[in-house]
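Convert by adding 16 to the 1-based position in the sequence shown; the result is the number in our numbering.
Just so you know, these hints were derived from the structure itself, not from any lab.
All C-beta atoms, glycine included, are put in the ideal place defined by N, C-alpha and C.
Be careful, since some hints might not be right.
Simulated restraints on C-beta separations [said to hold, decoys possible]: (1) D138 - K162: 28 to 34 Å; (2) N426 - D369: 27 to 33 Å; (3) E200 - N426: 52 to 58 Å; (4) K140 - T342: 42 to 48 Å; (5) G57 - L266: 56 to 62 Å; (6) K43 - G237: 31 to 37 Å; (7) D456 - E374: 49 to 55 Å; (8) H163 - P434: 19 to 25 Å; (9) Q113 - Q446: 32 to 38 Å; (10) G57 - E101: 31 to 37 Å; (11) E215 - V93: 20 to 26 Å; (12) K428 - Q142: 24 to 30 Å; (13) I290 - E236: 19 to 25 Å; (14) T342 - S272: 46 to 52 Å.
Simulated crosslink set (DSSO-like; lysine-lysine; CA at most 30 Å straight-line) [what the hints assert, rightly or not]: (15) K74 - K343; (16) K139 - K118; (17) K90 - K221; (18) K162 - K428; (19) K448 - K118; (20) K448 - K74; (21) K97 - K448; (22) K90 - K420; (23) K74 - K303.
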Amino acid sequence: MNIYLGQGSSNTRVRVGDRTKRFLNIKGNEANHIELLGASGFGKTTCLRGLAEEAFIKCKQNRETALIIVFERKYDVNKIKTYYEIFNYEKVNNTSQGRIYKKYGNANWEYVKKYLSLASKDKKGQLGKIGDFAFSYPNLFGMYAKHNPRQKGGKGNSLLGQQGLKPTVFPTRRIVFRPTRSLEHIKIDNGFYSCTVKEANIAYKHLPFNHIAALAAVNEGTLNGSRLKNLWNIQDNLCRNPEKILIEALSMENNSGKPSQTYYRIEEAMNRLIYDKLFQEQDNLFKNLTTDAINVIDFSQNSNLESKEENLIFRLIVEFAINVATKKNVKVFFILDEVQNFLQDSNGKWATDKILREGRSACINLISGTQYMNSLPKSLVMGSTHIGVVGRLGSMEDKNMLQKMIPDFNSKIEVAEPDSYGEYFESKRQLKGKGYFSFDKMFTERIEYRQPQSI
17 MNIYLGQGSS NTRVRVGDRT KRFLNIKGNE ANHIELLGAS GFGKTTCLRG
67 LAEEAFIKCK QNRETALIIV FERKYDVNKI KTYYEIFNYE KVNNTSQGRI
117 YKKYGNANWE YVKKYLSLAS KDKKGQLGKI GDFAFSYPNL FGMYAKHNPR
167 QKGGKGNSLL GQQGLKPTVF PTRRIVFRPT RSLEHIKIDN GFYSCTVKEA
217 NIAYKHLPFN HIAALAAVNE GTLNGSRLKN LWNIQDNLCR NPEKILIEAL
267 SMENNSGKPS QTYYRIEEAM NRLIYDKLFQ EQDNLFKNLT TDAINVIDFS
317 QNSNLESKEE NLIFRLIVEF AINVATKKNV KVFFILDEVQ NFLQDSNGKW
367 ATDKILREGR SACINLISGT QYMNSLPKSL VMGSTHIGVV GRLGSMEDKN
417 MLQKMIPDFN SKIEVAEPDS YGEYFESKRQ LKGKGYFSFD KMFTERIEYR
467 QPQSI
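Kindly produce the complete structure, drawing on both the sequences and the hints.
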């Protein structure tokens, strides 16, 4: 399966068609891990969105079953402002409806128009929080913005037109945890027609004791801590059920009519689980994952989660996906933005290492992005098959590391610093969505990354 990466230098070996198009062959018997590096503001997240779309398109075209899972860190309140800017521009310029439909697409224009109409009626500030990976809204900006804005007369290709692409809506399954606003508002903000939003929970059986201890501030060295650990981890007949554990803990008291403080501390810990809607006896997390849409695990402000809970969910999803890939011959793509946030505790590190270890045999593909490579563990850096730079590198340490990993680094990658503020400002504009890509860390060339068709 070949996924479209973007446009490189003209390839004289190609005799027919576009000589600049670059594709990456995703093979089932090889590791296909991609790491995108780049300082903030150069479009790294945008590039990740384009690669996720491409994986979905090619799997559907090839009739291959694929589980595509994107982990989203935040939403972007500026996206709706961009939509308003585009609509106001066409209105001020008295652009005819026919020309608008031809430029953006009839369905796309009316789709976004409906969203803006709903958002304009929102008086409580519940809307206008579009996710970083809103695959179910079309990228109108890609047709609005020029590929070369300095070209005279306003002529020339748009960003999407330059690559022969058009705005497109993709089916999305968005999964939230302890939602901070209504599922309907989240759905409207992320593509109300083509996006479904599900609230997920985690089964008690998946919770390690250290998570319980942290949740309820239980010290394992105390009597109540050691007793609860024994009940939670060892006594399988209780099935990690808080209500059954409370009954058992009460039976261990000398006077069940007047329980000790040890029991009350255990009761407090179990009640935290019972009354927290994130945790249930039966989970629905895995039932919500689908191969018919792009799955977005919403770790943005839409979900009320702590870092350790995010990493636990990440681990559980990785375990499930690898099991599915192994048993059912399903391709799996993990897209992780700001991957360093998933390496803050043992669960995140375990899950990432699991992907790297079993990627080749189970056809697991990891596409991740980070600002600084030197913040990543060596296993992830060395385990990346392909490395891309978006815009410019974030640090000199990354430059030194890449020089050791990529043989043609010095001859291909330019890291010149701007000499003035004007030069810096211009370089940010010129380098956005552009950079370098090193295939198998053996051949490196300049590339303009694939523009996403959604926002």
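Hint check:
{"no.": "1", "hint": "D138 - K162: 28 to 34 Å", "in the structure": "holds (32 Å)"}
{"no.": "2", "hint": "N426 - D369: 27 to 33 Å", "in the structure": "holds (31 Å)"}
{"no.": "3", "hint": "E200 - N426: 52 to 58 Å", "in the structure": "holds (54 Å)"}
{"no.": "4", "hint": "K140 - T342: 42 to 48 Å", "in the structure": "holds (47 Å)"}
{"no.": "5", "hint": "G57 - L266: 56 to 62 Å", "in the structure": "holds (58 Å)"}
{"no.": "6", "hint": "K43 - G237: 31 to 37 Å", "in the structure": "violated (51 Å)"}
{"no.": "7", "hint": "D456 - E374: 49 to 55 Å", "in the structure": "violated (20 Å)"}
{"no.": "8", "hint": "H163 - P434: 19 to 25 Å", "in the structure": "holds (22 Å)"}
{"no.": "9", "hint": "Q113 - Q446: 32 to 38 Å", "in the structure": "holds (34 Å)"}
{"no.": "10", "hint": "G57 - E101: 31 to 37 Å", "in the structure": "violated (19 Å)"}
{"no.": "11", "hint": "E215 - V93: 20 to 26 Å", "in the structure": "holds (23 Å)"}
{"no.": "12", "hint": "K428 - Q142: 24 to 30 Å", "in the structure": "violated (48 Å)"}
{"no.": "13", "hint": "I290 - E236: 19 to 25 Å", "in the structure": "holds (21 Å)"}
{"no.": "14", "hint": "T342 - S272: 46 to 52 Å", "in the structure": "holds (48 Å)"}
{"no.": "15", "hint": "K74 - K343", "in the structure": "holds (22 Å)"}
{"no.": "16", "hint": "K139 - K118", "in the structure": "violated (33 Å)"}
{"no.": "17", "hint": "K90 - K221", "in the structure": "holds (29 Å)"}
{"no.": "18", "hint": "K162 - K428", "in the structure": "holds (27 Å)"}
{"no.": "19", "hint": "K448 - K118", "in the structure": "holds (27 Å)"}
{"no.": "20", "hint": "K448 - K74", "in the structure": "holds (25 Å)"}
{"no.": "21", "hint": "K97 - K448", "in the structure": "holds (20 Å)"}
{"no.": "22", "hint": "K90 - K420", "in the structure": "violated (33 Å)"}
{"no.": "23", "hint": "K74 - K303", "in the structure": "holds (24 Å)"}
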